[in-house]
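Here are the chains, one letter per residue:
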Amino acid sequence: MALEALDQPNTPAAGGGCSSSGCGSSSDKLAHLPEHIRAKVHNHPCFSEDAHHHYARMHVAVAPACNIQCHYCNRKYDCSNESRPGVVSELLTPEQAMAKTLAVAAEIPQMTVLGIAGPGDPLANPERTLATFRELSAKAPDIKLCVSTNGLALPELVDEICQHNIDHVTITINCVDPEIGAKIYPWIFWNNRRVRGVKAARILIEQQQKGLEMLTERGVLVKVNSVLIPGVNDEHLKEVSRVVKAKGAFLHNVMPLIAEPEHGTFYGLMGQRGPSNDELQALQDECAGDMAMMRHCRQCRADAVGMLGEDRGAEFTNEKVAAMDIDYEAAMARRAEVHAAIEANRTAQQRQPDEPSETFVPIASLKRSKRQPAPRETPAARFAVATTGGGVVNEHFGHAREFLIYEAAGDGDDIDVRFLGARKVDLYCSGGDTCGDAEDALAKTIRTLEGVTGVLCSKIGIEPWDRLEAAGLVPNGEHAMEPIEDAVAALYRELLAEGRLAAPVEAAALSA
Amino acid sequence: MAYRIIDSCVNCWACEPLCPSDAIRPADPPAVAHFTIDARACTECEGDHADPQCASICPVEGAILDAAGEAVNPPGSLTGIPPERLAQAMAEIRAR
Chain A
1 MALEALDQPN
11 TPAAGGGCSS
21 SGCGSSSDKL
31 AHLPEHIRAK
41 VHNHPCFSED
51 AHHHYARMHV
61 AVAPACNIQC
71 HYCNRKYDCS
81 NESRPGVVSE
91 LLTPEQAMAK
101 TLAVAAEIPQ
111 MTVLGIAGPG
121 DPLANPERTL
131 ATFRELSAKA
141 PDIKLCVSTN
151 GLALPELVDE
161 ICQHNIDHVT
171 ITINCVDPEI
181 GAKIYPWIFW
191 NNRRVRGVKA
201 ARILIEQQQK
211 GLEMLTERGV
221 LVKVNSVLIP
231 GVNDEHLKEV
241 SRVVKAKGAF
251 LHNVMPLIAE
261 PEHGTFYGLM
271 GQRGPSNDEL
281 QALQDECAGD
291 MAMMRHCRQC
301 RADAVGMLGE
311 DRGAEFTNEK
321 VAAMDIDYEA
331 AMARRAEVHA
341 AIEANRTAQQ
351 RQPDEPSETF
361 VPIASLKRSK
371 RQPAPRETPA
381 ARFAVATTGG
391 GVVNEHFGHA
401 REFLIYEAAG
411 DGDDIDVRFL
421 GARKVDLYCS
431 GGDTCGDAED
441 ALAKTIRTLE
451 GVTGVLCSKI
461 GIEPWDRLEA
471 AGLVPNGEHA
481 MEPIEDAVAA
491 LYRELLAEGR
501 LAAPVEAAAL
511 SA
Chain B
1 MAYRIIDSCV
11 NCWACEPLCP
21 SDAIRPADPP
31 AVAHFTIDAR
41 ACTECEGDHA
51 DPQCASICPV
61 EGAILDAAGE
71 AVNPPGSLTG
81 IPPERLAQAM
91 AEIRAR
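Protein sequence lines correspond, in order, to chains A and B.
Going by full-length UniProt numbering, the residue at position 336 of the first sequence is 336; the numbering climbs one at a time, nothing skipped.
Going by full-length UniProt numbering, the residue at position 59 of the second sequence is 59; the numbering climbs one at a time, nothing skipped.
Honestly, the hints are just simulated from the structure, not real lab data.
Bear in mind that the values here come from a model prediction, so they are computed numbers and not experimental data.
Treat the hints with care, as some may be off.
Restraint ranges, calculated between C-beta atoms of paired labels, are given here [to be verified]: (1) GLU494/A - GLY76/B: 19 to 29 Å; (2) ASN192/A - GLY76/B: 19 to 29 Å; (3) ARG401/A - PRO26/B: 18 to 28 Å; (4) ALA138/A - PRO17/B: 23 to 33 Å; (5) GLY499/A - ALA95/B: 32 to 42 Å; (6) ASN191/A - PRO83/B: 27 to 37 Å.
For glycine and all other residues, C-beta sits at the position ideal for the given N, C-alpha and C.
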């Protein structure tokens, strides 16, 4: 950990060259960051789009208490069928969290990151959170530590956080205007009282902004999460993006509201809708003009384990962890070997033939795409990719629980491929009526792929192939095990040559 | 004079560190499924705070009762969800 080495608190605001103009793909979004920050996020699956193909993370649910109420949250959190924030199956003591983390880090050597994200606010329970970090940094110093907070208690805890070498903090900031905040937060607990309305939102916003400034002054990397709530803060989030960037946040993650009546939340019960995929993407594109946007967030549970998009939590219950016999030293040595192999693989995947063979080349230069916006004479098209990780097309269509969405545009050798986000096929437990037969599941998957032209997977059955074609999609299983961006570019080129892509005008409207 | 936590408590721990009288006991399953208040120790925060602390941070409506057995945070008071809307939604979900 080299927090002291970060002597340029506001550097994320400096570069600024990379905008939404299709300036390339994947971790290019972080290209404007100084080298030492990029080095820190290089193997963090939640911060680097490229890293998320290769590395695993876990959350431990040690922090159940919260000091505010958000209208998208219901504190009765426990459904093992759901995969959304704030939901956990098993609350852990710091000791249990420690044992679980060491077990996971031994069994899943791709693991680089431990986060504490709830199910409440980790800083409303600072003792449980900090005890976990303290123990873990002693026993597994190679694991990065992260914490996620609503920010209310952040200013008073910043110095302690820095002591424990927690080098990434995520603050959920949904607004910088108390009038808007009052529509999102019904109350906060502040100075021994429950405070409501605009007054509560004003206090929360002040604390969040103060905490953000204090962290960036001390060189801690800060990511800002925002929940996009249509009609409440959608337009306002552009302002949020500008403000937090100016204060030194290095990444902005705009996530869609999850609101269903069965979740029992205010928004769910009062009929507040979440954004469509297109609305989310349009807003991310607009905010991206101001700062690095994150598009691969999976909105994990507060006890998620494994690669992003997968959850192996069931393999690591307290009972199972207690039965494991783990050699910590050997596990750490194995992690180092596995991480070295992953890095060799990443470099091999990404380096252009004419790229100089440096050991650490700037991420921007690793990308296959050009920094200029793609020429618009050719239509843009979106592709869905089934993958289990590794940065390659390697998942069977029928097994895919999520698809990564990419957009390709350009001509000849100059094809620009950019990552737009992940779409889950079965993100929510929505009750018995949707747990139907395969027919329904396929229809649901096809709905998930709305706006997509081609579907890349390692294999696909005859029936789903026909159904995809009938729905106007182009299924493709011919690029199995190829790097995703190469496969997307190849399929795009093929469809372009066959004249099967939409006219440029339509494509422009699609991506607006 | 004492407050009481009932079985709608979700064991979130928020109240426990706030109690000035150290009267709150964590759940101890399977015998005790939720947090409880030691009635002999509870002072309703008199002399320490203007508002009773457990009831001021508890996120669950109806989970804490006052000495008269009334919910300190009645339905709708914390989430803003009108009780009749909640009842209607629950009925719809159950009917599926």
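Against the structure, the hints:
Taking 19 to 29 Å as the suggested C-beta distance range, the pair GLU494/A and GLY76/B does not conform, at roughly 58 Å. Judged by the Cβ atoms, the range 19 to 29 Å given for ASN192/A and GLY76/B holds: they are separated by roughly 24 Å. A beta carbon spacing of about 36 Å between ARG401/A and PRO26/B contradicts the range 18 to 28 Å that was offered as a hint. Distance hint check for ALA138/A and PRO17/B: the Cβ-Cβ separation is about 25 Å, which falls inside the suggested range of 23 to 33 Å.
Judged by the Cβ atoms, the range 32 to 42 Å given for GLY499/A and ALA95/B is violated: they are separated by roughly 51 Å. One distance hint, 27 to 37 Å for the beta-carbon pair ASN191/A and PRO83/B, holds here, with the actual separation near 29 Å.
Hint compliance for this structure: hints 1, 3, 5 are not met, and every other hint is.
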